Amino acid sequence: NMMRQHGPDSENVQNALSYVDFAWQYELKNDLKKNPVNMLVYSFCDIFARTFESVYSKNKGEQSAYTM
869 NMMRQHGPDS
879 ENVQNALSYV
889 DFAWQYELKN
899 DLKKNPVNML
909 VYSFCDIFAR
919 TFESVYSKNK
929 GEQSAYTM
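If you want the working numbering, it's the 1-based position in the sequence shown plus 868.
One or more hints might be untrue.
Restraint-style ranges between C-beta atoms, simulated for each label pair [what the hints assert, rightly or not]:
(1) 882 with 912: 18 to 28 Å
(2) 905 with 927: 10 to 20 Å
(3) 924 with 892: 11 to 21 Å
(4) 925 with 904: 31 to 41 Å
(5) 887 with 922: 10 to 20 Å
(6) 903 with 927: 33 to 43 Å
(7) 927 with 904: 17 to 27 Å
(8) 883 with 927: 25 to 35 Å
(9) 879 with 903: 29 to 39 Å
(10) 879 with 904: 33 to 43 Å
(11) 921 with 894: 18 to 28 Å
Derived pair list, reagent style SDA-like, types lysine to any residue, alpha-carbon separation capped at 20 Å [to be verified]:
(12) 926 with 914
(13) 926 with 890
(14) 926 with 891
(15) 926 with 886
(16) 926 with 910
(17) 926 with 884
(18) 926 with 894
(19) 926 with 915
Keep in mind that the hints were calculated from the coordinates and are not lab data.
Small disclaimer: the values here were computed from a predicted structure and weren't measured.
Positions of the beta carbon are idealized from the N, C-alpha and C atoms, including for glycine.
Construct the complete structure from the given sequences, taking the supplied hints into account.
Take a look at the structure:
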């Protein structure tokens, strides 16, 4: 039952991250030449997203190990 809940959950996280990633890259292509500050914001968000993703999957791995 626990495992069934985690599947869609992680899928939603992945979808959200990839959507954010797509949105940022789209915005970047349009705005980066106009506004260099966007590059800093993008870098920060990219680092945050990667950190969140690795922490999330690490926690998920530990949880499934415990349920085993």
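Results for each hint:
1. At about 21 Å, the CB distance of residue 882 to residue 912 agrees with the hint of 18 to 28 Å.
2. At about 33 Å, the beta-carbon gap between residue 905 and residue 927 misses the expected band of 10 to 20 Å.
3. The supplied range of 11 to 21 Å is met by residue 924 and residue 892, whose beta-carbon atoms lie about 19 Å from each other.
4. Range check, residue 925 to residue 904: Cβ separation about 32 Å, and the 31 to 41 Å hint holds.
5. In this structure, residue 887 and residue 922 meet the distance hint of 10 to 20 Å, their C-beta atoms being roughly 19 Å apart.
6. Judged by the Cβ atoms, the range 33 to 43 Å given for residue 903 and residue 927 holds: they are separated by roughly 36 Å.
7. Between residue 927 and residue 904 the CB atoms are about 35 Å apart, so this pair departs from the stated range of 17 to 27 Å.
8. Remark: the range hint 25 to 35 Å for residue 883 to residue 927 is contradicted by a beta-carbon distance near 18 Å.
9. Between residue 879 and residue 903 the CB atoms are about 34 Å apart, so this pair conforms to the stated range of 29 to 39 Å.
10. Under the hint 33 to 43 Å, the C-beta atoms of residue 879 and residue 904, about 35 Å apart, fit the expected range.
11. One distance hint, 18 to 28 Å for the beta-carbon pair residue 921 and residue 894, holds here, with the actual separation near 20 Å.
12. Using a Cα cut-off of 20 Å, the hinted pair residue 926 and residue 914 holds, with the two alpha carbons roughly 18 Å apart.
13. Under the criterion of a C-alpha separation no larger than 20 Å, the hint pairing residue 926 with residue 890 is inconsistent with the structure, at around 24 Å.
14. For the given pair, residue 926 sits about 26 Å from residue 891 by alpha-carbon distance, which is inconsistent with the 20 Å threshold.
15. A C-alpha spacing of about 19 Å is found between residue 926 and residue 886, which places the hinted pair at or below 20 Å, so the restraint holds.
16. The suggested pairing of residue 926 with residue 910 is violated, with an alpha-carbon distance near 24 Å, which exceeds 20 Å.
17. Straight-line distance between C-alpha atoms of residue 926 and residue 884 comes to about 18 Å, which keeps the hinted pair within the 20 Å bound.
18. Of the supplied pair hints, the one linking residue 926 and residue 894 is violated, its CA atoms being roughly 29 Å apart against a limit of 20 Å.
19. A C-alpha spacing of about 16 Å is found between residue 926 and residue 915, which places the hinted pair at or below 20 Å, so the restraint holds.
Checked against the numbered hints above, the structure breaks hints 2, 7, 8, 13, 14, 16, 18 and satisfies the rest.
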